[in-house]
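Those letters in the sequence shown? Residues 648 to 1248, per the working numbering, in order.
These are calculated hints, taken from the structure and not from any lab test.
From the three backbone atoms N, C-alpha and C, an ideal C-beta is built for every residue, glycine too.
The calculated lysine to aspartate or glutamate pairs, modelled on EDC-like cross-linking and capped at a C-alpha distance of 20 Å, are:
| hint | residue 1 | residue 2 |
| --- | --- | --- |
| 1 | Lys796 | Glu780 |
| 2 | Lys1210 | Glu945 |
| 3 | Lys800 | Asp841 |
Per label pair, the in silico range of CB-to-CB distance:
| hint | residue 1 | residue 2 | range |
| --- | --- | --- | --- |
| 4 | Pro822 | Asp921 | 34 to 40 Å |
| 5 | Gly1066 | Thr1176 | 52 to 58 Å |
| 6 | Glu1087 | Glu780 | 48 to 54 Å |
| 7 | Leu1052 | Asn1218 | 42 to 48 Å |
| 8 | Glu1051 | Ser903 | 57 to 63 Å |
| 9 | Tyr1040 | Glu989 | 24 to 30 Å |
| 10 | Ile908 | Pro1016 | 24 to 30 Å |
| 11 | Ser903 | Ile1178 | 53 to 59 Å |
| 12 | Glu989 | Lys1055 | 18 to 24 Å |
| 13 | Ser903 | Leu1052 | 51 to 57 Å |
| 14 | Asp785 | Ser1044 | 46 to 52 Å |
| 15 | Asp1161 | Phe1042 | 29 to 35 Å |
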Amino acid sequence: MEPKPKKLKTKKYIRDKKRTLIQAGDDASKHIDKHLISRFANLALSWRFVVSWLLLSVLMVWVLAIQTRSLSSHYTQLLPKPGGTYIEGIQGPLTNMNPLYATTTADKAVSKLIFSSLMKYNVEDQLVGDLAESITSDEKASIFTVKLKPDLKWHDGEKLTAHDVVFTVQTIQDPSSRSPLRRSLEGVSVEAVDENTVKFTLPASFSPFPSVLTFGIIPKHILGDLSPTQLRSSSFNGSQPIGTGPFVFQRIVHISGVDPIEKELQVQLTAYEDYHFGRPQLDAFTFWVAPTSERLAEIFNDGQLSGVTDITFDQIDVDMDVAENIFNQTSGVFLFYKNTNELLKDTRLRRALTQAIDVSELIRELDQPVQRIYGPLLPDQIDYDSDDRELEYNFKSAAKRLDELGWKLNVDGIREKNGQKLEFKITTQEGVKNYLDLAEGIKAQLANIGIIINIETIPADSFADVALYEHSYQDMLIYGINIGVDPDVYAFWHSSQTDRNSTIRLNLSEYRSDAADEALESGRSRVETDIRQNKYHDFLNIWRSDAPALAIYQPTFSYFTLKHVHGPAGNELRSPTERFRDVHLWTTLTSRIRYYQEQRL
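Kindly generate the complete structure, drawing on both the sequences and the hints.
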């Protein structure tokens, strides 16, 4: 079948089709113009509305975030967490880390973290066991038995035994060791009953004896073959100490300086995993030892330290967010009159000197607040009696006493007798600002009454030899003594403590009194509190009358930390190193914990 022929498009068809297409284009253009182009103006008018909604949405999200963050403090708590390194700034020099020979501030601080003792004080200032699990005594308080905690280990992994304790005590007692601890253990017999038991036998009753056992214990398996003379110069003391304390010695990093007094260095320690009170919260502890307080303040203000001592609040930048911890020390600072001096052996002259010095004025001029003391005991001790005070400042009475003794004012305003001027030398330790300020203050006050005072300072590294061993100061000594919690002050005022054959003589006034000796002997040998109080009351009255020294103040200890750091706790310290009594609990890191998480932990 043939296909139909294709129908040809006529001109009319083509014209109508073109007209239709043109009409459709016009309609589309009108539609776009009506529904899109013509509304661009409306869009321009509504942009403020759109932007406002966007800004409001952002603001609502921001407010919600701020509110959530602020409310988080109501259901979370910022708590310390384990880890981190604590860096403490302390003034040097560092000379010996062995606790038997530690004398400087830095020595004592470092050895306190490396070595443990039989007994220690806790944050409530109560005497508790450290290495000792228990301590008992007989009825006369002359035999004490110490039981060691089980499984004690040295930092090198060796077991600590009673033989280490015996070795430590006998080394201290050896005169050739020249340990400043020797006097407190003089006449004490020590023996190892078994591997974990030590027995101390005293030459006389002494109920506070457990408080003596706070010295560091050293290892016999390392040092037992050395003589005391060799031990004093052993590398163990300066670069290889091994103890049982909360931190293990790692290294000393030298920063600057050559002379020991000018050296700046870091002593780096790490946490001891087998520490008998549990592994410390910190991973490491570093001492940054600097030669001056100015340098310590500079390092602290740069934010390089967690805590610092040996500086004042005025040295800290006002922008630093710090916490100041102020502790009372169970110590006393005295002006010791050398009672064996030809002039100062006269009790009447010592009384005149005491009344000529205004102690209240002296301590007002110090850089830090301190508590005044009025005698050989501290205000918080149970046997202290506020009525048993030394002679109060009275310029007229002092002048009258001096006149009666024949010390008259000459034309130059200086007191003299038989052509001899009334002149004394005050000795104190170099670098201790409070001591130097006191010396200058006393010099100025006594000049007003016609007495000449010269001041002598002795470097810290040789001060112990001069003051504690040789007593080679000429007339007077400004120094602080660690009285302790117990009122037993036998070591500082009993006549026996002036023996020239002793290695260390803590009776710095060289005071002798049979009546005072009897009271001190009875006070330390009695267990009954009321009897002890009566004996110390007698001693205070005798001391006041004899005026062997001038009591000045009970020192405080200031310690600064960054606000987020958890450092020393408590209110009172026997000595500055006691700040480390809870060092295994210190932290530098914190984290915010939800209450339910904390409870679950």
